[in-house]
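So the protein lines, in turn, are chains A and B.
According to my numbering, the first sequence is numbered sequentially starting from 1.
According to my numbering, the second sequence is numbered sequentially starting from 1.
Just so you know, these hints were derived from the structure itself, not from any lab.
Wrong hints could be hidden among the right ones.
Stated by the list, open to error - Under 8 Å between C-beta atoms, here's a sample of chain B residues computed to sit facing chain A:
#1 E39
#2 V118
#3 G129
#4 V132
#5 A143
#6 V146
#7 E151
Unchecked claim - Far from chain A, some chain B residues (derived; all Cβ distances over 12 Å):
#8 R18
#9 A130
#10 D133
#11 A138
#12 L227
#13 V271
#14 A291
#15 S335
Since this is a predicted model, take the numbers as computed values, not measurements.
We put the CB at the ideal spot given by N, CA and C, even for glycine.
There are 2 protein chains.
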Amino acid sequence: MTVAASTHFRSFLDELARSQSGRILHQELGRRWPETADELNMIARYALLPAGKLLRPIMALHAAEAVGGDPAKVLTAALGLEYLHVATLVHDDIIDADELRRGRPSVPSQFGVPNAIVTGDHLIFNAFGAIVDDPQAAPAQLAAAVAVLAETGRDLCRGQLLEGRLAGELAASTRHYPEMIRLKTGSLFRAVCQIGALLGGAEPELAAGLGRYGEHVGLAFQIRDDLLAYVATSEQTGKPATSDLDNGRPTLPLLLAYQAATDSQQLELDVLLRGRGGGEAGLEWVSELLAETGAVAATRERMKLHAEHALAELAVLPASASVDVLAGIAHWTTSDES
Amino acid sequence: MTVAASTHFRSFLDELARSQSGRILHQELGRRWPETADELNMIARYALLPAGKLLRPIMALHAAEAVGGDPAKVLTAALGLEYLHVATLVHDDIIDADELRRGRPSVPSQFGVPNAIVTGDHLIFNAFGAIVDDPQAAPAQLAAAVAVLAETGRDLCRGQLLEGRLAGELAASTRHYPEMIRLKTGSLFRAVCQIGALLGGAEPELAAGLGRYGEHVGLAFQIRDDLLAYVATSEQTGKPATSDLDNGRPTLPLLLAYQAATDSQQLELDVLLRGRGGGEAGLEWVSELLAETGAVAATRERMKLHAEHALAELAVLPASASVDVLAGIAHWTTSDES
Chain A
1 MTVAASTHFR SFLDELARSQ SGRILHQELG RRWPETADEL NMIARYALLP
51 AGKLLRPIMA LHAAEAVGGD PAKVLTAALG LEYLHVATLV HDDIIDADEL
101 RRGRPSVPSQ FGVPNAIVTG DHLIFNAFGA IVDDPQAAPA QLAAAVAVLA
151 ETGRDLCRGQ LLEGRLAGEL AASTRHYPEM IRLKTGSLFR AVCQIGALLG
201 GAEPELAAGL GRYGEHVGLA FQIRDDLLAY VATSEQTGKP ATSDLDNGRP
251 TLPLLLAYQA ATDSQQLELD VLLRGRGGGE AGLEWVSELL AETGAVAATR
301 ERMKLHAEHA LAELAVLPAS ASVDVLAGIA HWTTSDES
Chain B
1 MTVAASTHFR SFLDELARSQ SGRILHQELG RRWPETADEL NMIARYALLP
51 AGKLLRPIMA LHAAEAVGGD PAKVLTAALG LEYLHVATLV HDDIIDADEL
101 RRGRPSVPSQ FGVPNAIVTG DHLIFNAFGA IVDDPQAAPA QLAAAVAVLA
151 ETGRDLCRGQ LLEGRLAGEL AASTRHYPEM IRLKTGSLFR AVCQIGALLG
201 GAEPELAAGL GRYGEHVGLA FQIRDDLLAY VATSEQTGKP ATSDLDNGRP
251 TLPLLLAYQA ATDSQQLELD VLLRGRGGGE AGLEWVSELL AETGAVAATR
301 ERMKLHAEHA LAELAVLPAS ASVDVLAGIA HWTTSDES
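Same shape as in the complex, but just chain A:
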């Protein structure tokens, strides 16, 4: 699959999930988390399956292959990165009291908070277990991969707290938003690519370069998601259109609009974000403000910048189908697809 061809499909990520690596990951995930009467594995299975698009483990496999490694040997670790991602979703759903996840009751909503806490922990432990699972891997690379995953886990925790503190705070968020999305989203994408490369046999320096690629993709991915909340329909994003406003999330489009807004518009934005978002009328007013202040265009510029930084990190790698896929993912982050 070439990137040029793939971008013609309706959804690049759907196509990626149906690619060979995506299909193998889906199959293995189902095989490793079978239906069971065991309560803990049953809840973990509910959290993991049906799987999302498995973008992170797919990227890990391609990062391994891009540096000359055998993706089959990185399969378990790649799934481990999905376990960590899902663990954070399970714990986040408790913290945010979110009742729905991927169109079904969230884990805390379906199984209660105590089970959700334990299941999230269980998935974290499984993530680390998966990283060191390959008995044939070079131990030094396993240890380096564990160190990256531990550091990323700490970043995710820090991002979770920072996000909570910034809710409703537009003025304070301008300074902290880049750090917040780096911790919350960039860090795990970085780890995914860095660990994939390490376990694929890359030297630390090359793996760090793939990590920087991953971080920029993650940042573009998050900014894209933040923008779609205002320019896409709820059918496209899969969540209520007013969700970000309702939750007072000071995302980049809002921050850029805030900076360009008049004093009275700033005041109105502050009130909206600290209140309950103002419903559909509030959303309409904000969407108009974003267009009027040029915040939509400025946000897209920021996405493109991260995508370009990501692509630049790939330049050191020899041409291969996997590098094409990684480049395609960077391109996709700046596309209009939902």
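Following the hints, position chain B against chain A.
Relative to the frame of chain A, chain B by itself:
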């Protein structure tokens, strides 16, 4: 400090905490978690300090030294094992809605459930980070240690769920109690000693032997704790005397009494455990039943058996001060000290 001398002191564990390794661990813990304005580290510090008796990291250091390793090089990893222990306490306090821990408000009670979830996760990630922190360690031993810690984490989750399911269920618990305390307590003590030995340079087989020592000590430790709830005062145990009954915990003393009890006594025990424990009167009746049925003596026998198994695992090691300390801990589990 010889074991023979130490057992004359008021409390062996207090003495151990004041030993050289205990003092170094206390100092390092305070140094690595200083007072800070950073919210996440501040809550983690609250959870970790003032420290308990640091029995687990002390055992890790002595396990490393017992196999010929340098305990100074295992210090960070030993503290990591304490982080994992405290992480489980923080998450357990949410699950059990416990408002007090070590005589102070518990983390969820002091900082709220969301912060407690994130802080527990943060401590888990720090535990794994600490294990792979030594750049001079043999990578194969680091990877093996991470695998042990991940497996133990999964055991702890499984033990937490099993304990919840068995609450109030005396008849069902007879079969599951050994597995439950193995998962809940034995597993982490096993990991502590196995990881200490691995990072001290032991071959996997020798490290596994120290792991079995640790598991038996952990089981004796847990059974001892379960017995003290009925034969010690609340001043000695540091928790309300009726706590285990109130929470319907089907511990070994109760299970042994249940097996030896008459039908009507069994019925009364069932009612007590499924209700709210019957307060002081309930406790008095149960304590008498334990003595009358020989359950106290039988429980002590089980503790002794585990202590003997633990001591037997130490027989392969050359004599050293650290082996003496490890043996002393096994002996202590069968003592009457609180």
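- Message: For the restraint on E39 (chain B), tell me whether the closest CB of chain A is nearer than 8 Å.
- Response: holds, 6 Å
- Minimum Cβ-Cβ distance from L227 (chain B) to chain A exceeds 12 Å: Since the minimum Cβ distance to chain A is about 27 Å, L227 (chain B) lies beyond 12 Å and the statement holds.
- Task: Would you assess whether A138 (chain B), listed as outside the interface, keeps its beta-carbon beyond 12 Å of every beta-carbon in chain A?
- Result: Contrary to the label, A138 (chain B) does not stay out of reach of chain A, its closest Cβ about 8 Å off (not over 12 Å).
- If you take the shortest Cβ to Cβ gap from V118 (chain B) to chain A, is it below 8 Å? Cβ of V118 (chain B) sits 5 Å from chain A, so the hint holds.
- Have a go at the V132 (chain B) hint: is there a Cβ in chain A nearer than 8 Å to its own Cβ? Because about 5 Å separates V132 (chain B) from the closest Cβ in chain A, which is inside the 8 Å limit, the hint holds.
- Can we confirm that no CB of chain A comes within 12 Å of the CB of V271 (chain B)? holds, 25 Å
- Non-interface claim for R18 (chain B): all C-beta distances to chain A beyond 12 Å? holds, 31 Å
- Was the hint right that A143 (chain B) lines chain A, CB cutoff 8 Å? Status holds, d = 4 Å.
- For the hint on V146 (chain B), just tell me whether its beta-carbon gets within less than 8 Å of chain A. Since chain A brings a Cβ to about 5 Å from V146 (chain B), closer than 8 Å, the hint holds.
- Message: Is the claim that A130 (chain B) lies outside the interface with chain A correct, judged by CB distances over 12 Å?
- Response: violated, 8 Å
- Interface hint status, G129 (chain B) versus chain A (Cβ within 8 Å): Where the cut-off is 8 Å and the nearest Cβ of chain A is about 3 Å from G129 (chain B), the hint holds.
- Item | Status of the hint placing E151 (chain B) at chain A (closest C-beta pair under 8 Å) | holds, 7 Å
Hint check: violations occur at hints 9, 10 and 11; the rest are consistent with the structure.
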